[in-house]
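Colleague: Heads up: the sequence shown is residues 22 to 272, going by my numbering.
Careful: at least some of the hints might be erroneous.
As the list claims (entries may be wrong) - Simulated pairs of lysine to aspartate or glutamate, EDC-like, Cα-Cα distance not exceeding 20 Å:
no., residue 1, residue 2
1, K250, E268
2, K88, D161
3, K85, D161
4, K88, E143
5, K88, D38
6, K219, D39
7, K111, D255
8, K89, D141
9, K88, D202
10, K240, E268
11, K265, D237
12, K266, D237
13, K89, D39
14, K111, E258
15, K88, D39
16, K88, D215
17, K89, E143
18, K240, E258
19, K225, D215
20, K219, D38
21, K249, D261
22, K238, E268
Said to hold, decoys possible - Restraint ranges, calculated between C-beta atoms of paired labels, are given here:
no., residue 1, residue 2, range
23, Y259, E140, 32 to 38 Å
24, T224, C263, 39 to 45 Å
25, F78, N194, 16 to 22 Å
These are computed hints drawn from the structure, not numbers from a lab. Being a predicted model, the structure only gives us computed values, none of them experimental. We put the beta carbon where it would ideally sit given N, CA and C, even for glycine.
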Amino acid sequence: DLAKMETNLTTDLQLIDDNYYTNIFYFWCDLLDIFLMVGTLFTLAPILVFSTLVIGFISILLPKYLKKLNINATNRVSVANNRFLNTIAKWGSGLGELKRYHAKKIFPRVIATSSSKLEDSEINKMRIITFSQFIQGIVDVMGRVIVPLIAGILYFEGKIKFGAIVTASYFANDIFNSLWDFSNNINLLNSSYDLRSKITNLTKIQPEPTDKKDPDKVKLIRSINLVKKFTDGDKIEYPDICIKKGEHILL
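Start from the sequences, fold in the hints, and give me the full structure.
Modeller: Shown next as C-alpha coordinates:
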(Lines of atoms letter the chains of each structure in order from A and count residues from 1; the text may use other names and numbers.)
(Lines give C-alpha, C1' and ligand atoms only; values in the text may rest on other atoms or scores of the structure.)
Protein backbone atom coordinates (compact mmCIF):
# COMPACT_ATOMS: atom_id res chain seq x y z
CA ASP A 1 0.00 0.00 0.00
CA LEU A 2 1.89 3.05 -1.30
CA ALA A 3 -0.26 5.58 0.58
CA LYS A 4 0.22 3.77 3.88
CA MET A 5 3.97 3.50 3.33
CA GLU A 6 4.21 7.21 2.47
CA THR A 7 2.25 8.08 5.62
CA ASN A 8 4.60 5.98 7.76
CA LEU A 9 7.72 7.50 6.20
CA THR A 10 6.60 11.14 6.11
CA THR A 11 3.62 12.24 8.21
CA ASP A 12 4.09 9.76 11.08
CA LEU A 13 7.83 10.41 11.35
CA GLN A 14 7.23 14.16 11.21
CA LEU A 15 4.62 13.92 13.99
CA ILE A 16 7.04 11.89 16.10
CA ASP A 17 9.83 14.40 15.48
CA ASP A 18 7.59 17.40 16.34
CA ASN A 19 5.89 15.84 19.38
CA TYR A 20 8.67 13.66 20.80
CA TYR A 21 12.28 14.27 19.77
CA THR A 22 11.93 18.05 19.63
CA ASN A 23 10.46 18.13 23.15
CA ILE A 24 12.44 15.42 24.94
CA PHE A 25 15.44 17.77 25.41
CA TYR A 26 13.32 20.56 26.88
CA PHE A 27 11.55 17.99 29.07
CA TRP A 28 14.80 17.18 30.93
CA CYS A 29 15.89 20.83 31.02
CA ASP A 30 12.64 21.86 32.69
CA LEU A 31 12.89 18.99 35.16
CA LEU A 32 16.42 20.04 36.17
CA ASP A 33 15.31 23.67 36.52
CA ILE A 34 12.42 22.65 38.80
CA PHE A 35 14.71 20.68 41.14
CA LEU A 36 17.19 23.56 41.40
CA MET A 37 14.49 26.14 42.11
CA VAL A 38 12.75 23.95 44.70
CA GLY A 39 16.07 23.41 46.46
CA THR A 40 16.62 27.17 46.65
CA LEU A 41 13.07 27.73 47.89
CA PHE A 42 13.66 25.18 50.65
CA THR A 43 16.35 27.44 52.17
CA LEU A 44 13.72 30.17 52.69
CA ALA A 45 10.89 28.16 54.26
CA PRO A 46 10.05 24.44 53.99
CA ILE A 47 6.31 25.19 53.92
CA LEU A 48 6.80 27.06 50.63
CA VAL A 49 8.38 23.92 49.19
CA PHE A 50 5.49 21.80 50.47
CA SER A 51 2.84 24.04 48.85
CA THR A 52 4.86 24.18 45.62
CA LEU A 53 5.18 20.38 45.52
CA VAL A 54 1.42 19.89 46.10
CA ILE A 55 0.49 22.19 43.23
CA GLY A 56 3.33 20.79 41.14
CA PHE A 57 2.06 17.25 41.73
CA ILE A 58 -1.39 18.27 40.48
CA SER A 59 0.21 19.93 37.44
CA ILE A 60 2.24 16.82 36.56
CA LEU A 61 -0.74 14.53 37.17
CA LEU A 62 -2.97 16.33 34.67
CA PRO A 63 -1.21 14.98 31.52
CA LYS A 64 -2.04 11.45 32.67
CA TYR A 65 -5.76 12.20 32.39
CA LEU A 66 -5.28 14.06 29.11
CA LYS A 67 -3.06 11.37 27.57
CA LYS A 68 -5.84 9.49 25.78
CA LEU A 69 -7.26 12.68 24.25
CA ASN A 70 -3.85 13.68 22.87
CA ILE A 71 -3.07 10.18 21.53
CA ASN A 72 -6.45 9.94 19.76
CA ALA A 73 -6.04 13.40 18.22
CA THR A 74 -2.58 12.55 16.83
CA ASN A 75 -3.75 9.17 15.55
CA ARG A 76 -6.67 10.83 13.72
CA VAL A 77 -4.20 13.04 11.84
CA SER A 78 -2.18 9.99 10.80
CA VAL A 79 -5.28 8.05 9.68
CA ALA A 80 -6.76 11.02 7.82
CA ASN A 81 -3.46 11.64 6.01
CA ASN A 82 -3.26 7.98 5.01
CA ARG A 83 -6.81 8.09 3.63
CA PHE A 84 -6.09 11.34 1.78
CA LEU A 85 -3.01 9.90 0.07
CA ASN A 86 -4.89 6.68 -0.65
CA THR A 87 -7.72 8.66 -2.24
CA ILE A 88 -5.30 10.56 -4.49
CA ALA A 89 -3.53 7.35 -5.52
CA LYS A 90 -6.67 5.36 -6.32
CA TRP A 91 -8.69 8.09 -8.00
CA GLY A 92 -5.61 9.45 -9.79
CA SER A 93 -4.99 6.06 -11.39
CA GLY A 94 -8.58 6.03 -12.62
CA LEU A 95 -8.61 9.43 -14.31
CA GLY A 96 -8.62 7.75 -17.71
CA GLU A 97 -11.84 5.94 -16.89
CA LEU A 98 -13.44 9.10 -15.52
CA LYS A 99 -12.56 10.94 -18.72
CA ARG A 100 -13.92 8.11 -20.86
CA TYR A 101 -17.30 8.23 -19.13
CA HIS A 102 -17.36 12.06 -18.88
CA ALA A 103 -17.31 11.94 -15.08
CA LYS A 104 -14.30 14.18 -14.44
CA LYS A 105 -16.26 16.46 -12.10
CA ILE A 106 -16.40 13.77 -9.44
CA PHE A 107 -12.59 13.74 -9.02
CA PRO A 108 -12.14 17.23 -7.46
CA ARG A 109 -15.21 16.64 -5.28
CA VAL A 110 -13.79 13.42 -3.82
CA ILE A 111 -10.34 14.99 -3.30
CA ALA A 112 -11.90 18.03 -1.60
CA THR A 113 -13.91 15.80 0.75
CA SER A 114 -10.85 13.79 1.76
CA SER A 115 -8.75 16.95 2.12
CA SER A 116 -11.43 18.52 4.32
CA LYS A 117 -11.35 15.50 6.66
CA LEU A 118 -7.56 15.79 6.94
CA GLU A 119 -7.89 19.49 7.75
CA ASP A 120 -10.56 18.75 10.36
CA SER A 121 -8.25 16.23 12.06
CA GLU A 122 -5.48 18.85 12.23
CA ILE A 123 -7.90 21.40 13.71
CA ASN A 124 -9.13 18.84 16.22
CA LYS A 125 -5.55 18.11 17.27
CA MET A 126 -4.87 21.81 17.88
CA ARG A 127 -8.15 22.07 19.80
CA ILE A 128 -7.08 19.25 22.12
CA ILE A 129 -3.65 20.83 22.64
CA THR A 130 -5.26 24.20 23.42
CA PHE A 131 -7.68 22.59 25.86
CA SER A 132 -4.79 20.82 27.62
CA GLN A 133 -2.90 24.09 27.90
CA PHE A 134 -6.00 25.83 29.27
CA ILE A 135 -6.42 23.26 32.05
CA GLN A 136 -2.71 23.46 32.76
CA GLY A 137 -2.91 27.25 32.89
CA ILE A 138 -5.49 27.17 35.69
CA VAL A 139 -3.13 25.18 37.92
CA ASP A 140 -0.24 27.43 36.87
CA VAL A 141 -2.09 30.59 37.99
CA MET A 142 -3.01 28.94 41.29
CA GLY A 143 0.64 28.24 42.01
CA ARG A 144 1.80 31.75 41.11
CA VAL A 145 -0.75 33.24 43.54
CA ILE A 146 -0.69 30.76 46.43
CA VAL A 147 3.09 30.57 47.02
CA PRO A 148 3.62 34.38 47.32
CA LEU A 149 0.45 34.54 49.46
CA ILE A 150 1.88 31.99 51.91
CA ALA A 151 5.18 33.89 51.92
CA GLY A 152 3.27 37.07 52.82
CA ILE A 153 1.51 35.33 55.71
CA LEU A 154 4.86 34.06 57.02
CA TYR A 155 6.26 37.61 56.82
CA PHE A 156 3.45 39.08 58.92
CA GLU A 157 3.98 36.30 61.44
CA GLY A 158 7.64 37.31 61.62
CA LYS A 159 8.97 33.99 60.34
CA ILE A 160 10.69 35.35 57.22
CA LYS A 161 12.05 38.72 56.07
CA PHE A 162 10.42 40.94 53.47
CA GLY A 163 13.14 40.18 50.94
CA ALA A 164 12.20 36.51 51.17
CA ILE A 165 8.72 37.34 49.82
CA VAL A 166 10.22 38.86 46.69
CA THR A 167 12.66 35.97 46.36
CA ALA A 168 9.92 33.37 46.88
CA SER A 169 7.70 35.09 44.31
CA TYR A 170 10.55 35.10 41.79
CA PHE A 171 11.42 31.44 42.29
CA ALA A 172 7.75 30.39 42.37
CA ASN A 173 7.23 32.16 39.04
CA ASP A 174 10.27 30.37 37.59
CA ILE A 175 9.13 26.99 38.98
CA PHE A 176 5.64 27.26 37.54
CA ASN A 177 6.99 28.50 34.21
CA SER A 178 9.04 25.32 34.07
CA LEU A 179 6.08 23.22 35.27
CA TRP A 180 3.94 24.74 32.52
CA ASP A 181 6.49 23.77 29.86
CA PHE A 182 7.15 20.44 31.56
CA SER A 183 3.47 19.42 31.58
CA ASN A 184 2.90 20.59 28.00
CA ASN A 185 5.93 18.57 26.91
CA ILE A 186 4.49 15.51 28.66
CA ASN A 187 1.22 15.99 26.72
CA LEU A 188 3.13 16.18 23.43
CA LEU A 189 5.32 13.20 24.31
CA ASN A 190 2.24 11.16 25.22
CA SER A 191 0.43 12.11 22.02
CA SER A 192 3.00 10.27 19.89
CA TYR A 193 2.98 7.06 21.97
CA ASP A 194 0.93 4.94 19.52
CA LEU A 195 2.85 6.23 16.49
CA ARG A 196 6.20 5.46 18.12
CA SER A 197 5.01 1.95 18.93
CA LYS A 198 3.82 1.45 15.36
CA ILE A 199 7.09 2.68 13.81
CA THR A 200 9.10 0.54 16.25
CA ASN A 201 7.13 -2.54 15.22
CA LEU A 202 7.59 -1.72 11.53
CA THR A 203 11.38 -1.47 11.94
CA LYS A 204 11.65 -4.88 13.58
CA ILE A 205 12.89 -7.74 11.44
CA GLN A 206 9.90 -9.95 10.80
CA PRO A 207 10.50 -13.71 10.79
CA GLU A 208 9.70 -15.49 7.57
CA PRO A 209 6.39 -17.32 7.72
CA THR A 210 6.78 -21.05 8.10
CA ASP A 211 3.30 -21.86 6.81
CA LYS A 212 3.64 -20.64 3.24
CA LYS A 213 0.85 -21.95 1.08
CA ASP A 214 1.80 -23.93 -1.95
CA PRO A 215 0.03 -22.41 -5.00
CA ASP A 216 -0.14 -25.90 -6.52
CA LYS A 217 -2.46 -26.92 -3.69
CA VAL A 218 -5.06 -24.23 -4.56
CA LYS A 219 -8.01 -26.09 -6.04
CA LEU A 220 -10.55 -23.32 -6.46
CA ILE A 221 -10.92 -19.52 -6.69
CA ARG A 222 -14.40 -18.18 -5.93
CA SER A 223 -15.98 -14.79 -5.31
CA ILE A 224 -19.58 -14.23 -4.24
CA ASN A 225 -21.39 -10.88 -3.88
CA LEU A 226 -18.17 -8.90 -4.52
CA VAL A 227 -18.88 -5.14 -4.32
CA LYS A 228 -16.56 -2.11 -4.46
CA LYS A 229 -17.99 0.96 -2.67
CA PHE A 230 -16.76 4.54 -3.10
CA THR A 231 -16.87 7.49 -0.72
CA ASP A 232 -19.48 9.34 -2.81
CA GLY A 233 -21.94 6.45 -2.50
CA ASP A 234 -21.30 4.87 -5.91
CA LYS A 235 -20.50 1.19 -6.08
CA ILE A 236 -19.47 -1.48 -8.59
CA GLU A 237 -21.02 -4.93 -8.32
CA TYR A 238 -19.06 -7.82 -9.79
CA PRO A 239 -20.56 -11.09 -11.00
CA ASP A 240 -20.05 -14.25 -9.00
CA ILE A 241 -17.20 -16.35 -10.36
CA CYS A 242 -15.88 -19.83 -9.73
CA ILE A 243 -12.56 -20.87 -11.31
CA LYS A 244 -11.35 -24.42 -10.85
CA LYS A 245 -7.74 -25.51 -11.07
CA GLY A 246 -6.63 -25.88 -14.68
CA GLU A 247 -9.37 -23.64 -16.15
CA HIS A 248 -8.42 -20.57 -18.22
CA ILE A 249 -11.00 -17.78 -17.98
CA LEU A 250 -10.74 -14.25 -19.32
CA LEU A 251 -12.07 -11.69 -16.78
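Colleague: Run the structure past the numbered hints and jot down the numbers of the failing ones, going up.
Modeller: Of the numbered hints given earlier, those the structure breaks are 1, 18, listed in rising order.
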